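S.K.: The task is simple: from the sequences and hints, build the whole structure.
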Amino acid sequence: MNGPLPLLVAAALLVPAVSLAQGTATSEQVRRGEYLVTIGSCHDCHTPLKTGPAGPEPDMSRALSGHPQDLPVKAPARLPEPWMAAASATLTAWSGPWGVSFAANLTPDPETGVLRDFTEEQFIQTLRTGRHQGQGRPILPPMPWPFIGRMTDEDLKAVFAYLRQVPAVRNKVPDPLPPAP
Amino acid sequence: MRRIIVHRKVSGSPRVPLAALSAALILAAGLVAAGEAVPPAAALKPPLRLEDTGLYADAATLAVDPRHLAFSPQYPLWTDGAAKRRWISLPPGTAIDGSDPEAWVFPVGTRLWKEFSFAGRPIETRYLERLADGRWLYAAYAWSADGREARLVSERGQRGAFPLGNGRSHTIPGISDCKACHQGGRSDVLGFSALQLSPDRDPGAVHGEPRRFAEVDLKELIARGLLVGHPPSHEAPRIAAASATERAALGYLHGNCGHCHNAAGPLRTVGLYLRYEAGSNVAPALASAVAHPVKRPAPGQSPEALMRIEPGHPDRSALIERAASRYPALQMPPLGTELIDEEALALLRRWVAEAEAPRQKAQLNEKGQIR
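Protein chains in written order, with this note's numbering: chain A, 1 to 181; chain B, 1 to 371.
To be clear, the hints were calculated from the coordinates, so they are not data collected in a lab.
In this text, all values refer to a predicted model and were calculated from it rather than measured experimentally.
For glycine and all other residues, C-beta sits at the position ideal for the given N, C-alpha and C.
Be aware that a few hints might be false.
Unchecked claim - Footprint (simulated), chain A over chain B, 3 or more residues, beta carbon under 8 Å:
#1 176-183
#2 260-273
#3 290-304
#4 327-340
M.R.: Rendered as structure tokens:
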């Protein structure tokens, strides 16, 4: 990974807002959750980008399923000064001084969805504390939990309810990689 | 006769500066960084200076108010070798409701302090105060280099508070990290409980200290009327164990892991119960860890560690592997420590090497209670 990638990252970030996941919304809470997930930019990292004629755009067939398991990343990026971080073309893998982090699979897939073991309470605590299941390992950058964690309990419950009913996508996101020695 | 007021319970890293990096990346993504997320603030804000919490009778000499009660838990929390002093203060005429030995209810106005020292000088003092609405106020104070005063630390904590060597340093935790542990069970107060203050102290406890002169224990709290309702059958709780090694190991897990890994808190669904209940005669840790398969391997976990504890095989036990790691995605505990507790690790390894699964395996129901 080298110099041009950060430019690609910047370009990707300029992509217009992700279209709404087509709804199976059956309740006000789920509709609220869908709205929050959309305007909260969750898709920016958790839905992989694909490059087509119009440039990079979110692959909604894999909505919210995190870093694709068929896109292996074996080592952190080596960046010249003054660059600090870089991302994959999918915008789902991020490399920086923390190592490499991969956007999680937020869909309710029973085998590979990161939230499969989460209770609603743990989901809320995770975003309040920035720790896995609210009390465990730190969530790595660039997950913007510091401001998402300021949402109300009601809104976080709505997000959780929405994520519980989006289409499940089977995709085993890799473990994070430690920093280069 | 003195009137006793008992208050019922109201309601039930990596080494790089990740927060800064994260904030930078968030900004790069066109988002707004808003600082550390903290649940709604308590009604009161902590004082800016430690001395204004009332710890000292004389701030000039740092003489602790003799009305406060010093104590030391028999199974202390490992904080990278920090020496600790602890005090509790109950408002005059009040007492702790001890009718539930697993969740003491502290009167409004209760204050607790815990002082952390490295290399013989104080680095931080943490503070808890029970507010009128039943919630707890959390604060941490960082000591000046000359040890004369301690000032309130930001809610986000303070990195680099004391160098520990090899590029690591002590971090004064942010409030959300404080709550990650202190709100992981039924009581915000840790280390001041029936088992931790039992007069039947474990001589084999890792980093355990003999009860110091003038420190209170369970017996004295009851005798002085400061703890009421405590079941007479639980006046000297002791971990039931097959050996002295097992007693100390279960005690260590209780004091260092049980505040999150218990059957009552948010992580109960993990199904690993390392908290020992004071009135019990069997440790839930045996049923939920020994010969128990790993639920989901953590990042970086060895593929050979298929069990939380594989009897006779510490090298294939996930609990041992995680206690022996300080890789942030794998280490346990996940916060509050930068250095491996080698003495405890040796104890835990010895215990696992001696463990025999079938004999010790108890049965738990789906709520984590002993059948």
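S.K.: All hints, please: hold or fail.
M.R.: Hints and how they fare:
Only residues whose beta carbon comes within less than 8 Å of a beta carbon in chain A count, and the segment 176-183 of chain B has 5; three or more means the coverage holds. Counting residues of the segment 260-273 of chain B whose CB falls under 8 Å from any CB of chain A gives 5; the rule of at least 3 is met. Here's how the segment 290-304 of chain B fares: 5 of its residues keep a CB closer than 8 Å to some CB of chain A, so the rule of at least three is met and the hint holds. Check on the segment 327-340 of chain B: 7 of its residues sit with their Cβ under 8 Å from a Cβ of chain A, so the three-residue criterion for coverage holds.
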